[in-house]
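Student: Model the full assembly from the supplied sequences, consistent with the hints where possible.
Here the protein sequences line up with chains L and P, keeping their order.
With our numbering, letter number 151 in the first sequence gets 151, and the count goes up by one each step, no holes.
With our numbering, letter number 48 in the second sequence gets 48, and the count goes up by one each step, no holes.
These are calculated hints, taken from the structure and not from any lab test.
Check the hints yourself; a few may be wrong.
Claimed, not checked - What follows is a set of in silico ranges between Cβ atoms, one per label pair, in the way DEER data are often shown:
{"#": "1", "chain 1": "P", "residue 1": "Arg281", "chain 2": "L", "residue 2": "Glu219", "range": "58 to 68 Å"}
{"#": "2", "chain 1": "L", "residue 1": "Arg121", "chain 2": "P", "residue 2": "Arg100", "range": "31 to 41 Å"}
{"#": "3", "chain 1": "L", "residue 1": "Asn14", "chain 2": "P", "residue 2": "Arg100", "range": "13 to 23 Å"}
{"#": "4", "chain 1": "L", "residue 1": "Ala111", "chain 2": "P", "residue 2": "Thr283", "range": "35 to 45 Å"}
{"#": "5", "chain 1": "P", "residue 1": "Trp141", "chain 2": "L", "residue 2": "Asn7", "range": "15 to 25 Å"}
{"#": "6", "chain 1": "P", "residue 1": "Thr283", "chain 2": "L", "residue 2": "Thr67", "range": "33 to 43 Å"}
{"#": "7", "chain 1": "L", "residue 1": "Glu219", "chain 2": "P", "residue 2": "Pro104", "range": "39 to 49 Å"}
{"#": "8", "chain 1": "P", "residue 1": "Arg100", "chain 2": "L", "residue 2": "Lys103", "range": "20 to 30 Å"}
{"#": "9", "chain 1": "P", "residue 1": "Thr283", "chain 2": "L", "residue 2": "Ala165", "range": "28 to 38 Å"}
{"#": "10", "chain 1": "P", "residue 1": "Leu279", "chain 2": "L", "residue 2": "Asn22", "range": "49 to 59 Å"}
To be verified - Okay, derived cross-link-like pairs now, DMTMM-like style, lysine to aspartate or glutamate, Cα gap no bigger than 25 Å in a straight line:
{"#": "11", "chain 1": "P", "residue 1": "Lys207", "chain 2": "L", "residue 2": "Glu194"}
{"#": "12", "chain 1": "P", "residue 1": "Lys282", "chain 2": "L", "residue 2": "Glu93"}
{"#": "13", "chain 1": "L", "residue 1": "Lys103", "chain 2": "P", "residue 2": "Asp66"}
{"#": "14", "chain 1": "L", "residue 1": "Lys166", "chain 2": "L", "residue 2": "Glu194"}
{"#": "15", "chain 1": "P", "residue 1": "Lys207", "chain 2": "L", "residue 2": "Glu93"}
We treat Cβ as the ideally placed atom computed from N, Cα and C, and that holds for glycine.
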Amino acid sequence: MSISVRNINKRFGNYLALENLNLDVPSGSLLALLGPSGSGKTTLLRIIAGLETPDSGSILHDDEDVTQTSPRDREVGFVFQHYALFRHMTVFENVAFGLRVRKTPRAEVKARVHELLHLVRLEGLESRYPSQLSGGQRQRVALARALAVQPRLLLLDEPFGALDAKVRLELRQWLRRLHEEIHVTTIFVTHDQEEAFEVADQVVVMRNGRVEQTGTPQEVFDRPATPFVMDFLGNVNVFHGRVENGRALLGGFEFAYPDHPHPESCTVSGYVRPHELHISTEPLLESSLAARVLQINPAGSVAKVRVSAEDFGVILNIDVSLERYAELGLTVGDRVYVAPKHVRIFSAHDYVI
Amino acid sequence: MHPEMVRKGGGSPRRATQEDPAIVRWGLTLLAVGAISLLIIVPVVQVFYQAFSHGVGAYLENLFGDRDTRHAIMLTLIVSPIAVLLNVIFGIAAAWAITRFRFPGRTILTTLIDLPFAISPVVAGLMFVLLFGLQGYFGEWLQSHGIQIIFALPGLILATTFVTVPFIARELIPVMESQGADEDLAAVSLGANGWQMFWHVTLPNIKWGLLYGIILCNARAMGEFGAVSVVSGNIAGQTDTMPLRVEKLFQEYNTPGSFAVASLLTFLALATLLVKVILERKTATIQRD
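Tutor: As structure tokens, then:
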């Protein structure tokens, strides 16, 4: 089922949660609503589910307007952030609930529940109560319960938020595989960009109740539409400067910038990810920045190096591959030269030039 | 709670510096035990002692031999359950509204629920007399339609219900507040209608709190004197409830009779207390899970 969100507005008192929001979710996709807390992503999810009513605008399921439809008739499976399992019911009863309120025959309920518990790999735990399960198991019960009624749309609110790191990783991959198996249109909310990129095939970055950018993880990561997206999707180093006559001058760097051939100068910021900075102990051919090593953290898949470019009063974070780090033999206090491999330039007015 | 945390918190020996001097500890303990003995244990024992002072036979005769006393017991057993039932309905509705919706006047409603705790029961009874009594605002209309509220069963129920309004709502509001609406919403999104949601999800989640409220409400309803006294008119064999009967027998110098009824009321109170303790244990275990 495809979902269309049209011009949704939602206010809570004086707080504008969603502002004229539009979104299209193609049928069968696995989409992540990504944004910081307060960006309105959960509100949007609840409006799509019908658990919240928009002040204006409409929600369409396959071109059918369901804005006024009760959540019980929307054929939506909703997985709550804290699972909201029925605490006084066993796993079996939880999963069976949706079928039982629909007056499904007993034998069919039993067969379907077992099928689902098999799908979420919880066979043998039918008679446990939610309080007797681990976080990851509860999460999967919640999912099985939502899937039991064969929803045409699956909505998950921060599905991995309350789990510890290892379980979270497992469940992410598992959700991805599950989606490939059952192909139901799925939207999940997350504030974790890594999670969004790993699981989703479409990412919607939200900020202050609006959509900042939509695209595949690759598109959003490689071509962030705004400084906010750039900043939100991981660490960045920011350089302030200007562009004029097809050249960019950013705090010590100078390079060709054909997008702005005009002679009048324009104030810009350049954004460079830590792994996009080249570091060397010798001055580089291209314009480079002299800096001093402040701190080195080689624990992890890359060595994280912090340098200070005193001439420009900036501190930069650089990710260096472990091989390169060994080759350079860096120590704190060393003099190094830094040059960007790739810079994204945004004007001071938050849009791409 | 996590088992480790319990062990850590409970097992650590207290340091000497945290301990108060022996005189303070013993002094306070004695004071508390003394006050409870003097104010609670002695009077309660006395009630039973007086009631049985002429033997069990006389006791039973005092309780069930007197037609008016029998009627008073019956009346209390009719009024209390009705008042409790009304308060169950009101309590659930009020707790639901207060915890699930944001509406203007929400805080005022929360405060108003407590009003019967603050108001003197006599004043409460008087309010109903002023409203429904013969000289009251609706008195004439009610009389012309042959409806009697004051000095009759409806008045007793009204007064008792009013006085016990806070008990159930007060119990349910924090329970429903802490549980949130997510489970209810989950039920709805799974296709449950309002009744199915309430019956299968909401009610099981609040049942212990509700039961606890019912017990407290019932205890108070059976023992209510002030408000009921004003609206009842003390007609023996007609509008006397148990507490009113106790007072009347006492005024008539029928001390054994008075204490017999009093002992029955006390016994009901003690039974209530017992159920309450059991329930508290039960809820504590559930919460620990």
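Student: Each hint: holds or not?
Tutor: Verification of the hints:
1. Arg281(P) <-> Glu219(L): 58 to 68 Å: holds, 59 Å
2. Arg121(L) <-> Arg100(P): 31 to 41 Å: holds, 35 Å
3. Asn14(L) <-> Arg100(P): 13 to 23 Å: holds, 22 Å
4. Ala111(L) <-> Thr283(P): 35 to 45 Å: Given a distance of about 37 Å, which is inside 35 to 45 Å, the answer is holds.
5. Trp141(P) <-> Asn7(L): 15 to 25 Å: violated, 55 Å
6. Thr283(P) <-> Thr67(L): 33 to 43 Å: holds, 42 Å
7. Glu219(L) <-> Pro104(P): 39 to 49 Å: The hinted range 39 to 49 Å holds for glutamate 219(L) and proline 104(P), with Cβ atoms some 47 Å apart.
8. Arg100(P) <-> Lys103(L): 20 to 30 Å: Hint holds: Cβ distance 27 Å, inside 20 to 30 Å.
9. Thr283(P) <-> Ala165(L): 28 to 38 Å: Holds, at about 35 Å.
10. Leu279(P) <-> Asn22(L): 49 to 59 Å: Since leucine 279(P) and asparagine 22(L) have Cβ atoms about 53 Å apart, the given range 49 to 59 Å holds.
11. Lys207(P) <-> Glu194(L): Not satisfied, since the Cα-Cα distance of roughly 43 Å exceeds 25 Å.
12. Lys282(P) <-> Glu93(L): holds, 23 Å
13. Lys103(L) <-> Asp66(P): violated, 56 Å
14. Lys166(L) <-> Glu194(L): holds, 14 Å
15. Lys207(P) <-> Glu93(L): holds, 18 Å
Of the numbered hints given earlier, the model fails hints 5, 11, 13; all others are met.
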